[in-house]
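Mind docking chains X, L and D on chain F? Use the hints.
Protein chains: 4
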Amino acid sequence: MERNSSREKIDDVIRCIEELGYKAHPIVGVERTVIGCVGHEDKSPLSQLESMSGVESVIPILKPFKLAGREFKPEPSILDVAGIPVGGTQLALIAGPCSVESREQTLEIAHAVKEAGAQFLRGGAFKPRTSPYAFQGLRGQGLEILAEAREQTGLRIVTEIVSIEDLPMIQDVADVFQIGARNCQNYALLNAVGQSKKPVVLKRGMSTTINEWLMAAEYVLSHGNYNVVLCERGIRTFETATRFTLDLNAVPAVKQLSHLPIIVDPSHGTGHWNMVEVMARAAIAAGADGLMIEVHPHPDAALSDGSQSLKPEKFAHLVAEARKIAEAVDREI
Amino acid sequence: MERNSSREKIDDVIRCIEELGYKAHPIVGVERTVIGCVGHEDKSPLSQLESMSGVESVIPILKPFKLAGREFKPEPSILDVAGIPVGGTQLALIAGPCSVESREQTLEIAHAVKEAGAQFLRGGAFKPRTSPYAFQGLRGQGLEILAEAREQTGLRIVTEIVSIEDLPMIQDVADVFQIGARNCQNYALLNAVGQSKKPVVLKRGMSTTINEWLMAAEYVLSHGNYNVVLCERGIRTFETATRFTLDLNAVPAVKQLSHLPIIVDPSHGTGHWNMVEVMARAAIAAGADGLMIEVHPHPDAALSDGSQSLKPEKFAHLVAEARKIAEAVDREI
Amino acid sequence: MERNSSREKIDDVIRCIEELGYKAHPIVGVERTVIGCVGHEDKSPLSQLESMSGVESVIPILKPFKLAGREFKPEPSILDVAGIPVGGTQLALIAGPCSVESREQTLEIAHAVKEAGAQFLRGGAFKPRTSPYAFQGLRGQGLEILAEAREQTGLRIVTEIVSIEDLPMIQDVADVFQIGARNCQNYALLNAVGQSKKPVVLKRGMSTTINEWLMAAEYVLSHGNYNVVLCERGIRTFETATRFTLDLNAVPAVKQLSHLPIIVDPSHGTGHWNMVEVMARAAIAAGADGLMIEVHPHPDAALSDGSQSLKPEKFAHLVAEARKIAEAVDREI
Amino acid sequence: MERNSSREKIDDVIRCIEELGYKAHPIVGVERTVIGCVGHEDKSPLSQLESMSGVESVIPILKPFKLAGREFKPEPSILDVAGIPVGGTQLALIAGPCSVESREQTLEIAHAVKEAGAQFLRGGAFKPRTSPYAFQGLRGQGLEILAEAREQTGLRIVTEIVSIEDLPMIQDVADVFQIGARNCQNYALLNAVGQSKKPVVLKRGMSTTINEWLMAAEYVLSHGNYNVVLCERGIRTFETATRFTLDLNAVPAVKQLSHLPIIVDPSHGTGHWNMVEVMARAAIAAGADGLMIEVHPHPDAALSDGSQSLKPEKFAHLVAEARKIAEAVDREI
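Protein chains in written order, with numbering that gives the first Met the number 0: chain F, 0 to 332; chain X, 0 to 332; chain L, 0 to 332; chain D, 0 to 332.
Next comes chain F alone, as it looks inside the complex:
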């Protein structure tokens, strides 16, 4: 309440709190009164109080998520992601091109990353691009190429879904749905993948707070799909030396709040291929459960994101370096 609010205004607010179904706990100070509110989990109705006379501000105390929270499940989850455990001792390694560009390119990369130790192949068949005039992906043809790559290598396929319409088509091929940063709060899409029951890699939106990100995961979980892997990929800040600011603090922050596994994408997060290896090492030291890395045989001819892609031999070097860090924190690659 505002300083020196009248008894009458305080009583009005208390009455309103109780009408909303909460219990009011006024704490009376010399100059000011603070009113605690206790009740059911959803505290959002209380924000309305802010428009009442005498109310200075409404400050939420409790965490808004349920199924994603540590309070719901205290121990970390080890998910079964298409037969690969994610969240345990073994780190998940997802690698591949930004876009599926051709059969040759994709199979070449698939064999290379498989050999280097990856369990998952990433590659976009449907691409969300800033410009409508940029390459938008090979779509159905791209999915066929991914299916062939899986057949040849045994790698699980992680591919992005950008529209509910494409779900049946992608579902037939993908082992894991990827929700990209721009769709992190596309709730219709989250509901759809929640109903599908396939594992989901949920990238953090570029200005999504950690709380909002866990709430986005909650959309998927609330449909009974518990196989959600979070992926930190950089946030928007004022700094321009990197394309985004990869926020490794999100790793321990998520681990304190949630039982869900979290992996890190240093390719998008930094935007510069020559920072990817070092930030991959840092991610593992920060406790990440895996990595997502862009790999391309000819980055200077890539149809998208070439400047942040590693050549296959540099990826193999990254894996070797990452393994040393993994061992230092009692993990395995």
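Watch out, some of these pointers could steer you wrong.
No distinction is drawn between identical chains; accordingly, a pair holds when it is met within one copy or between any pair of copies.
The calculated lysine to aspartate or glutamate pairs, modelled on EDC-like cross-linking and capped at a C-alpha distance of 16 Å, are [to be verified]:
{"#": "1", "residue 1": "Lys8", "residue 2": "Glu150"}
{"#": "2", "residue 1": "Lys254", "residue 2": "Glu55"}
{"#": "3", "residue 1": "Lys65", "residue 2": "Glu1"}
{"#": "4", "residue 1": "Lys65", "residue 2": "Glu211"}
{"#": "5", "residue 1": "Lys323", "residue 2": "Glu1"}
{"#": "6", "residue 1": "Lys313", "residue 2": "Glu107"}
{"#": "7", "residue 1": "Lys62", "residue 2": "Glu1"}
{"#": "8", "residue 1": "Lys72", "residue 2": "Glu1"}
{"#": "9", "residue 1": "Lys310", "residue 2": "Glu49"}
{"#": "10", "residue 1": "Lys254", "residue 2": "Glu70"}
{"#": "11", "residue 1": "Lys196", "residue 2": "Asp79"}
{"#": "12", "residue 1": "Lys22", "residue 2": "Asp11"}
Since the hints were derived computationally from the structure, they do not count as laboratory data.
This one's a predicted model, so the numbers in the text were calculated from it and none came from an experiment.
Just chains X, L and D, lined up with the frame of chain F:
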């Protein structure tokens, strides 16, 4: 190029530029060489050069948008938005509740905002909410209520679309589609409303740069739907005194780059009802082509965003104040 | 407290709160306990509680400032700034070059801005520049030129102080000290100008929250110098279309929290001369108590910040436009 | 240049570039002309061109720093910081309380961190606090306590300087000056420590870009003081789960641009004691040359920043964990 790059590396880069179909213009300094690239409009393939040996950075010089740009259409567009001209002398006034909650609430607000001078009624039937457990809108029933409000008042209906699936249903009732901030870069949805030909209010994403926002508009325009009204609604910054940071600089910045009209939503932008009127005035002084304002008869009982909604009488006051500013800048309400 | 904290941990925290001299008010919910703390104004010792076992987080409720706050002085202050009232009906107009470059340049601008309606001449003799190799100001010689400009025009002099050492020298000439954005939290300098008793224009730091900014003002006020004028000049965000993001929301936000006057600098805030006039208009509509504008006779030959400076005739146009907005909000220029 | 600029305007700009002492290289495209500028290192005068008719924007291509840059000194610097090499294989470990609070507290911590492996004791005698009413440090008495701690333990003393006035006093005791985040762009102070020749730990400002930070270092270097250690300590972003966003990307970014050593402060960067160890590990994996860690025997009774301080036994644990990562990246603690 990096300082003291060899002649050989420079030649490699020049060759690569020319293979990509651009003309290379090397500028040789004492210690450093810069290579200008001239060619077709889409400069995105050039970013691949960044992974070449000797290349320090690739810096885009030209604007990436075509149809949204001033260069395509030098004079400001005056759009026909369901019979109301937007972008000319007359300011657009869109007002209404965050959510359609009931027939009574909606009709009461519709009559009140009509009387105060609004030409458009806003109201969400499909609500994108941070929590899956929060009220998600009345959906079809909400659309029926909006249709009745239009019939009674003649107000044009602006309502949010969050999923392509809902398009046929919403299309029957809405005069204008609203794309919310979280879907600003949901390109599948932008393509769908682009094909529909109905006018679109495109809200800025909370971390979308002005360039990216205009590129999102370009998605709609590129399908032949030129009726796009941009809406600034606040960006994510470090400041917590306001819910978002309403970025009025976007108004002159957009007007310099684009011919599209731009309106301002100070309700979401500030998050506090007692800042809405003053920032609405400022928006008009900054050159905005209209306002979008949340109005609710009982903000303290609203099912969403009560703390930023105005009571109808406060909205009428806002219109009177805004009119004074409009006259001072040769506009009309 | 964390969910399901033991009675023992809760008692420990209560004991600790009381040892720190506050009164503890535990509110016991079904699963969780929240403890309100009431006591003396300085709540900062309570943040230590965060390291205690069982404490989930410490959330401050009260405002930390005293002398700068509306609670200390409910009505807006009208300051006497070197004989000019600031904060009342009359708007303050501060104009001049970024740097004092020469006698001719400064006198020419001084006469021009005087004629256009300014009451204050701004001009830097001591310049804080990002690069040590850039022009650092004329220093003593610059002050002499400013003194002559005052003598010829009667304009009050506003000039930046960047170091306590320079205080005696600047004090002899300046009517108003300017504290620049980079020194907004240079507390030693704030203490020094606080002791001097001269009026102070305190620019907001580029990542200073409104609360921190008012606390910086509190440093000056706490030495008995109540003549502090706040100046919004843009914050750091991800947006690059403007040099900074001029945050006009700060105007109503400061007015709600504090009685101090607030002016706006759209020249630094936008960084582009062709956005200055429109954002100056918006600032006045938002309730600003004045403007600070960079003016230069030959912006393309300026030794600093030429790209954001207005020519004298454009400044005169800005004043005419600003006057129309001022009248619309019952203010005067 | 703007699209379709006249030949006359282009010639005007070329003439102006040449008057400023640069050579102009026009690149003529079908619709647009771009003019490259080559000349002496300081490109800042060119920004004035932005106010010329026909000029669309001025885009700097070259790096602005000289002495701090890799181009000036290609190999990483190993500095002699009070007898301890910093920047080589051996990592620097700086630990201690936020504030020197008492002789007992400081000596207890000093012995504990010495034993755990630290080479440097940090402790503030002069504290820059957000509130003028908060504890401001023991000042001279604090320096005496630090001197005694050095005598007893042999640890080198790192302590913050907030004002030039205090320099002689601090100089007698400190082995290393610390410049805090709020003073990162206090150029008067940077000049003063540049002249002193003592080693300097220069913390990054909370909204200072990496380029600006290196320019701040350049102020110190340009006075002939080459012993500058950069310290990343978190930047301001929209995220509130951490106090700041510790930006580990700054480590590889600085290493690519500069030869100066860079250390990381995860205590301020995260603001939560239970994230410090994990982010310290990540910092070393990212290539940091050392750590600065807050340690306090009784964090819940600390006079400042208790919530982010580690108890001595937790610090010893951190060192053991950090050592494992150091070994994995061929460094030593």
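Status of each hint after checking the structure:
1. Neither within a single protomer nor between protomers do lysine 8 and glutamate 150 lie at most 16 Å apart by alpha-carbon distance, with minima of 70 Å and 40 Å respectively.
2. Taking the shortest Cα distances, lysine 254 and glutamate 55 sit within 16 Å of each other only across copies (14 Å), while inside one copy they are farther apart (33 Å).
3. With identical chains, the CA atoms of lysine 65 and glutamate 1 are at most 16 Å apart between copies only, with a shortest distance of 15 Å across copies and 32 Å within one.
4. Taking identical chains as interchangeable, the C-alpha atoms of lysine 65 and glutamate 211 lie at most 16 Å apart only when both belong to the same chain, with a minimum of 13 Å there against 34 Å between chains.
5. Proximity of lysine 323 and glutamate 1 under a CA criterion of 16 Å is satisfied in neither setting, with 56 Å inside one chain copy and 32 Å between copies.
6. In the homo-oligomer, the alpha carbons of lysine 313 and glutamate 107 lie at most 16 Å apart inside one protomer (15 Å), although the nearest pairing across protomers, at 48 Å, exceeds that limit.
7. Proximity of lysine 62 to glutamate 1 under the C-alpha cut-off of 16 Å is restricted to the inter-copy arrangement: shortest distance 11 Å between copies versus 25 Å within a copy.
8. For the identical chains of this complex, lysine 72 and glutamate 1 are inter-copy neighbours only, at 14 Å across copies versus 39 Å inside a copy, given an alpha-carbon limit of 16 Å.
9. In the homo-oligomer, the alpha carbons of lysine 310 and glutamate 49 lie at most 16 Å apart only across protomers (13 Å), although the nearest pairing inside one protomer, at 55 Å, exceeds that limit.
10. For the identical chains of this complex, lysine 254 and glutamate 70 are intra-copy neighbours only, at 12 Å inside a copy versus 41 Å across copies, given an alpha-carbon limit of 16 Å.
11. Taking the shortest Cα distances, lysine 196 and aspartate 79 sit within 16 Å of each other inside one copy (12 Å), while across copies they are farther apart (45 Å).
12. When the C-alpha separation of lysine 22 and aspartate 11 is checked against a cutoff of 16 Å, the pair qualifies only within one copy, where the shortest distance is 14 Å, while the shortest distance between copies is 26 Å.
Consistency with the previously given hints fails for numbers 1 and 5, ordered from lowest to highest.
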